[in-house]
Structures are given as structure tokens and as C-alpha cells.
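The whole structure should be built from the sequences, with the hints applied where relevant.
So the protein lines, in turn, are chains A and B. Residues 4 to 94 in the numbering used here are what the first sequence lists, from first letter to last. Residues 30 to 339 in the numbering used here are what the second sequence lists, from first letter to last.
Among the hints, erroneous ones may be present.
[Said to hold, decoys possible] Dumping the calculated PhoX-like pairs for lysine-lysine here, alpha-carbon to alpha-carbon at most 25 Å:
no. : chain 1 : residue 1 : chain 2 : residue 2
1   : A       : LYS11     : B       : LYS302
2   : B       : LYS274    : A       : LYS32
3   : B       : LYS334    : B       : LYS320
4   : B       : LYS302    : A       : LYS85
5   : B       : LYS293    : B       : LYS267
6   : A       : LYS32     : B       : LYS334
7   : A       : LYS12     : B       : LYS123
8   : B       : LYS183    : B       : LYS337
9   : B       : LYS161    : B       : LYS320
10  : B       : LYS102    : B       : LYS238
11  : A       : LYS86     : B       : LYS302
12  : B       : LYS228    : B       : LYS213
13  : B       : LYS116    : A       : LYS32
14  : A       : LYS32     : B       : LYS161
15  : B       : LYS161    : B       : LYS302
16  : A       : LYS73     : A       : LYS59
17  : A       : LYS86     : B       : LYS293
18  : A       : LYS6      : A       : LYS62
19  : B       : LYS183    : B       : LYS293
20  : B       : LYS41     : B       : LYS187
21  : B       : LYS41     : B       : LYS161
22  : A       : LYS86     : A       : LYS73
23  : B       : LYS267    : B       : LYS320
24  : B       : LYS96     : A       : LYS32
25  : B       : LYS302    : B       : LYS123
26  : B       : LYS293    : A       : LYS85
27  : B       : LYS293    : A       : LYS32
FYI, nobody ran anything at the bench for these hints, they're computed from the structure.
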Amino acid sequence: MDKKYVRKKELLSSRMDNEIVMMHPESGKYFALNPVASRIWDLLETPHNLNELIEKLLKEFDVSEETCCKEVSAFLKEMSEKKLVVISEQG
Amino acid sequence: MVNNISFCYFLKKHYTYSAFGLIISSEIEIPEFVISKEKSNVTICYGNVPKTLKKAEHEGFRYQISKNEFLIKYSTWATYFVCNGEKVIIQPEKNADERDIRAFILSTVIAIVLHQRGLLPLHTSGIVYKNKGVLFAGNSGIGKSTIAIALNKKYKYKFISDDITVISEQNAAPIIYSSFPSVKLWQDSLDMLKISNNKLPLIRKDVNKFRYNTNTDFYSGILNPYAIFVIENNVQNKVEIIEIKGVEKFNIVRNHIFRAKMIKELYSNEHFKLLTLFLNSAKCYKILRPKDVNTINELSSMINKIIKKV
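What follows is the structure in C-alpha cells.
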């Protein structure tokens with residue numbers, strides 16, 4: 004539950020207006036993040052657990068805690084599967 | 030009898046040029062390029078090329094490629110070997126016309142030199158506005174050169190490139206290098222631009238494309254980016270220009286990396302860094318214009334307005 008997530012550091016990423024484009028250097032695959040996902044990506048520059056992310060996002064976006072929790076969990080799961088975020092070793 | 034064969038080697042003529050931010054020493058004359066007196070960092074010479082590459086990562090129709098080596102055989106004209114971004118060897122076929130040999134240097138071969146050097150060659154023409162570069166991307170035949178020349182003739186923008194424009198970086202900022210002063214134009218483009226083909230040399234032996242020199246209208250040097258316009262055909266019978274934002278910018282401009290299909294993903298890390306750096310300081314527009322309709326006046330006037338208010 005307290006797992007902290009952080010960006011995979013080998014990724015190349017760049018902001019394009021309010022979105023983010025990324026490239027996985029080994030697979031050469033490209034990914035795009037929409038504005039909300041880009042905000043989570045900004046936060047994941049430093050390790051965050053699920054609750055910390057939700058707490059920060061609730062302050063910025065007009066969304067219920069339940070929806071936010073569901074969507075951020077799904078986002079982290081997808082980003083982990085795609086090897087774009089990893090579990091932080093700092094705990 | 031004096032045997033002076035070895036002596037002849039030293040008498041071989043060499044031309045030194047500047048183009049794409051490179052200084053090129055060439056055994057073949059390239060009248061399109063600007064003559065330079067600086068020390069060269071790329072050489073082009075005649076010689077024997079390897080039969081195959083030792084470690085080819087991709088093979089395609091008539092070519093082999095690895096990150097630092099490239100071999101391509103145009104069976105009627107010549108085989109070219111490019112290595113380490115600094116050497117081009119040409120092995121010509123018998124009776125090949127020098128114009129044809131040169132034409133491949135000015136497109137695929139020089140583009141591979143640029144890729145091997147970690148630069149980003151885009152398939153665009155370009156002009157200058159307030160010391161910044163404005164580029165026009167698009168597939169072959171879409172009118173990249175025509176629009177650049179029209180804007181030059183009508184609104185006096187200086188010209189920087191016809192077909193390949195190089196993006197690089199300097200002190201962590203994106204830069205554009207000018208290419209060379211010459212433009213390839215088909216007869217229909219000359220008609221649209223009201224330029225007579227009288228006295229214009231043909232670029233290739235049997236191709237009806239002419240070399241037009243922009244001479245004093247050419248800007249030689251380094252520029253900061255300003256904007257990139259991507260030209261596409263419109264299914265509707267009108268001209269439209271739409272600003273593109275976000276990741277879509279990256280997606281549409283990436284399609285116009287020169288010879289992208291040939292190089293696969295060999296240089297994708299370098300390209301990602303340079304392309305995102307470039308797009309973060311250039312506005313991006315899509316031009317939609319009807320196919321086979323002469324819209325050059327309307328289009329150049331619309332582009333001129335956009336450039337001046339960016």
C-alpha cells in the first residue's frame with residue numbers, strides 16, 4: 004500500500020504545450036500523456052505513493068476522491084506495465 | 030620515359046564547400062554549394078566501395094545500413110559508401126552522367142552523413158524572418174520549394190534551404206543550419222513562379238527538373254527556430270492553415286525526418302532530443318491546400334500574415 008512510484012530514469016521525455024511525449028530508449032517506443040497524466044508525471048519526478056498523489060491532485064482538479072483514486076491506480080498500473088514508472092527503491 | 034601516374038594523384042582537383050553547417054571537401058564539383066576556405070570535416074571522393082557492410086543492421090532495396098556505415102547501389106549510376114559521418118566514397122558505373130551522380134549526393138547520401146553525425150535533417154525548405162528560420166515540410170512534389178521561392182520573391186524573405194534542413198543544438202538551444210542557395214524546380218513550379226527556364230541547367234540528365242540559384246537572396250549561417258509549416262493535400266477545394274499543439278506537433282513533424290524509412294530507428298534517441306528541443310521553440314502549423322490547383326498567391330499571402338503576427 005505504501006509503495007512509492009517514480010519515473011523510470013532512462014526515459015526520454017519532453018513537454019509539448021500541456022502534454023508530454025516520451026520515448027523508451029531501448030524499445031524505441033513512443034508514448035503520449037494527456038494534460039492530467041502529464042501532471043502526475045511531473046509529480047513522479049520524486050517518489051510518491053498513491054495517497055500522496057491523490058492528495059495533491061484533489062487540490063488541483065475538480066474530481067471526487069473515489070474517481071481520482073480509481074483513475075490514478077489504473078494509471079500507475081498501466082505505467083508500471085509499460086515500464087515507464089518503477090517502484091522507488093528509497094521505499 | 031617519365032612515369033607520372035602517381036604524380037597525377039596529387040593533381041586531382043578538390044573543391045571545398047560549406048553546406049548544412051559542414052565543411053565538405055569534394056572530388057566531384059557541386060555547383061549548388063557555396064565555396065569555402067575553411068578546413069573540411071567531410072570528404073567526398075571517388076574510389077572502391079566495399080561489396081557489403083560487415084555489420085548491417087537493416088537491409089533494404091539496394092541499400093544496407095548500420096549506425097555508422099551505409100552502402101547504396103543505384104545500378105545505372107553509382108554505388109555510394111558513407112561512414113562515420115565524415116567520408117563518402119563514390120564508385121561510378123561506366124558512362125554515368127556526373128549530374129546523376131551528384132543528384133544522389135545532394136539527397137540520400139548527404140542526409141546519411143547528417144544522420145551519422147547525430148544531427149536531425151528534416152525534409153523541408155526554409156526561409157528567414159528576423160534572424161529566425163521558418164520551415165516548410167511535406168512529401169515530395171507537395172510544393173515545399175515553390176512556396177519558399179514565392180515568399181522570397183513576393184515578400185523578400187531570405188532563402189535557406191530547398192529540400193533538407195538541419196536541426197542541431199548549441200548551448201542547449203535548438204539551431205537551424207542553412208543548406209545551400211540552389212533550388213530544384215519542375216516546369217510547372219517555374220510557370221507558377223513566372224520564372225523562365227531559359228538558361229537554367231537541368232539537374233539530371235533525363236529529368237525535367239531545373240536548377241534555380243537564389244544567389245544574393247540566400248542567407249548563409251545559423252538561425253534560431255521560428256515556425257514549421259507542414260503542407261498536406263486538402264480534400265476540400267480551399268486553403269486552410271491550422272495551428273497544431275501538444276504531442277500532435279511531434280507526431281506530424283517526425284513523419285518528415287529525411288529518409289526516415291531508410292534509417293528505421295537507428296538514430297531515434299538523437300532525433301527525439303533534437304526534435305523536442307526544436308518544437309519547444311517553434312510554432313507548428315498544418316497547411317491544407319487543394320491538389321493540382323494553383324493557390325500559390327493566396328497561400329503565400331496567408332503564410333506571410335501568420336509569420337508577421339506570430
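Hint by hint, here is what the structure shows:
no.: 1; hint: A:LYS11 <-> B:LYS302; verdict: holds (17 Å)
no.: 2; hint: B:LYS274 <-> A:LYS32; verdict: holds (21 Å)
no.: 3; hint: B:LYS334 <-> B:LYS320; verdict: holds (22 Å)
no.: 4; hint: B:LYS302 <-> A:LYS85; verdict: holds (21 Å)
no.: 5; hint: B:LYS293 <-> B:LYS267; verdict: violated (35 Å)
no.: 6; hint: A:LYS32 <-> B:LYS334; verdict: violated (38 Å)
no.: 7; hint: A:LYS12 <-> B:LYS123; verdict: violated (54 Å)
no.: 8; hint: B:LYS183 <-> B:LYS337; verdict: holds (14 Å)
no.: 9; hint: B:LYS161 <-> B:LYS320; verdict: violated (29 Å)
no.: 10; hint: B:LYS102 <-> B:LYS238; verdict: holds (23 Å)
no.: 11; hint: A:LYS86 <-> B:LYS302; verdict: holds (20 Å)
no.: 12; hint: B:LYS228 <-> B:LYS213; verdict: holds (14 Å)
no.: 13; hint: B:LYS116 <-> A:LYS32; verdict: violated (31 Å)
no.: 14; hint: A:LYS32 <-> B:LYS161; verdict: violated (32 Å)
no.: 15; hint: B:LYS161 <-> B:LYS302; verdict: holds (20 Å)
no.: 16; hint: A:LYS73 <-> A:LYS59; verdict: holds (15 Å)
no.: 17; hint: A:LYS86 <-> B:LYS293; verdict: holds (23 Å)
no.: 18; hint: A:LYS6 <-> A:LYS62; verdict: holds (22 Å)
no.: 19; hint: B:LYS183 <-> B:LYS293; verdict: violated (39 Å)
no.: 20; hint: B:LYS41 <-> B:LYS187; verdict: violated (36 Å)
no.: 21; hint: B:LYS41 <-> B:LYS161; verdict: violated (40 Å)
no.: 22; hint: A:LYS86 <-> A:LYS73; verdict: holds (20 Å)
no.: 23; hint: B:LYS267 <-> B:LYS320; verdict: holds (10 Å)
no.: 24; hint: B:LYS96 <-> A:LYS32; verdict: holds (18 Å)
no.: 25; hint: B:LYS302 <-> B:LYS123; verdict: violated (43 Å)
no.: 26; hint: B:LYS293 <-> A:LYS85; verdict: holds (22 Å)
no.: 27; hint: B:LYS293 <-> A:LYS32; verdict: holds (12 Å)
This entry does not satisfy hints 5, 6, 7, 9, 13, 14, 19, 20, 21 and 25, going by the numbered hints stated previously.
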